[in-house]
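Participant: Sequence:
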Amino acid sequence: LPDEVLGFYVYSKQIPLSELSSSRKDMGYSTVTNFNIIHLSCHHKAAEADASLKPRKEEWEGAMLRNSSSLCNNIFPVRGITVSEDVYSLQIDNYWVTLSDTCG
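Residue numbers for the sequence shown follow this note's numbering, beginning at 68 and rising by one.
Simulated from the structure, these hints should not be mistaken for lab results. Certain hints may be false.
List time: in silico SDA-like cross-link candidates among lysine to any residue, alpha-carbon distance up to 25 angstroms [said to hold, decoys possible]:
| no. | residue 1 | residue 2 |
| --- | --- | --- |
| 1 | 112 | 131 |
| 2 | 80 | 99 |
| 3 | 121 | 111 |
| 4 | 80 | 135 |
| 5 | 124 | 149 |
| 6 | 112 | 145 |
| 7 | 112 | 92 |
| 8 | 80 | 128 |
| 9 | 92 | 166 |
| 10 | 124 | 163 |
| 11 | 112 | 128 |
| 12 | 124 | 137 |
| 13 | 80 | 70 |
| 14 | 80 | 157 |
| 15 | 80 | 163 |
| 16 | 124 | 140 |
| 17 | 112 | 153 |
| 18 | 92 | 167 |
| 19 | 112 | 163 |
| 20 | 80 | 143 |
| 21 | 80 | 117 |
| 22 | 80 | 136 |
| 23 | 124 | 164 |
| 24 | 112 | 154 |
| 25 | 80 | 127 |
When you get a sec, could you build the whole thing from the sequences and use the hints?
Facilitator: Here you go:
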């Protein structure tokens, strides 16, 4: 059993909830995944390594390579039974912050 949080790469974008609406308040998110799972700590280490390359790779550019060349812009965390609620809650909060930062 994993002792740390796992997550699967996802690609999300903001979309209108109705084709008839142009209001920003009627927007939602569409999210897709190939369900490629990674330890969050491994993703962060790989992102740091990518950032030190010349030319530099952005976080999600490198993640796309680790995600079978599929677009991704976030990681949805999965809670294992040995992961505390506090640790998992922090990762869920990070997911929503990243979603907001990348999709508006």
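Participant: None of the hints should be skipped; say for each whether it holds.
Facilitator: Hints, verified against the model:
Only pairs whose Cα atoms come within 25 angstroms are accepted, and residue 112 paired with residue 131 is accepted, the gap being roughly 15 angstroms. Proximity of residue 80 to residue 99 is assessed by CA-CA distance (about 9 angstroms); at most 25 angstroms being required, the pair is judged to hold. At most 25 angstroms may separate the alpha-carbon atoms for a hinted pair to count; residue 121 and residue 111 meet this at roughly 18 angstroms. A hinted pair counts as satisfied when its Cα atoms are at most 25 angstroms apart, and residue 80 with residue 135 qualifies at roughly 19 angstroms.
About 33 angstroms separates the Cα atoms of residue 124 and residue 149, which puts this hinted pair outside 25 angstroms; it is violated. Restraint check for residue 112 and residue 145: satisfied, since their Cα atoms lie roughly 19 angstroms apart, inside the 25 angstroms limit. Distance hint between residue 112 and residue 92 is unfulfilled; the C-alpha atoms sit about 37 angstroms from each other, more than 25 angstroms. Distance check on the hinted pair: residue 80 and residue 128 sit about 16 angstroms apart at the alpha-carbon level, within 25 angstroms; holds.
Our distance criterion of 25 angstroms between C-alpha atoms is met by residue 92 and residue 166, whose separation comes to about 16 angstroms. This hinted pair checks out: residue 124 and residue 163 have alpha carbons roughly 23 angstroms apart, not beyond 25 angstroms. For a cut-off of 25 angstroms, the pair hint linking residue 112 to residue 128 stands: about 14 angstroms separates their Cα positions. Using a Cα cut-off of 25 angstroms, the hinted pair residue 124 and residue 137 holds, with the two alpha carbons roughly 16 angstroms apart.
A hinted pair counts as satisfied when its Cα atoms are at most 25 angstroms apart, and residue 80 with residue 70 does not qualify at roughly 31 angstroms. Only pairs whose Cα atoms come within 25 angstroms are accepted, and residue 80 paired with residue 157 is accepted, the gap being roughly 22 angstroms. Under the criterion of a C-alpha separation no larger than 25 angstroms, the hint pairing residue 80 with residue 163 is consistent with the structure, at around 13 angstroms. Restraint check for residue 124 and residue 140: the C-alpha separation of about 14 angstroms stays at or below 25 angstroms, so the hint holds.
Between the alpha carbons of residue 112 and residue 153 the distance comes to roughly 22 angstroms, so the proposed pair stays at or under 25 angstroms and holds. The hinted pair formed by residue 92 and residue 167 meets the criterion: a straight-line CA distance of about 14 angstroms does not exceed 25 angstroms. A hinted pair counts as satisfied when its Cα atoms are at most 25 angstroms apart, and residue 112 with residue 163 qualifies at roughly 21 angstroms. Straight-line distance between C-alpha atoms of residue 80 and residue 143 comes to about 14 angstroms, which keeps the hinted pair within the 25 angstroms bound.
Simply put, residue 80 and residue 117 have alpha-carbon atoms about 24 angstroms apart, close enough for the 25 angstroms limit, and the pair holds. For a cut-off of 25 angstroms, the pair hint linking residue 80 to residue 136 stands: about 18 angstroms separates their Cα positions. The hinted pair formed by residue 124 and residue 164 meets the criterion: a straight-line CA distance of about 21 angstroms does not exceed 25 angstroms. At most 25 angstroms may separate the alpha-carbon atoms for a hinted pair to count; residue 112 and residue 154 meet this at roughly 18 angstroms.
For the given pair, residue 80 sits about 14 angstroms from residue 127 by alpha-carbon distance, which is consistent with the 25 angstroms threshold.
In the structure shown, a violation is registered for the earlier hints numbered 5, 7, 13, in ascending order.
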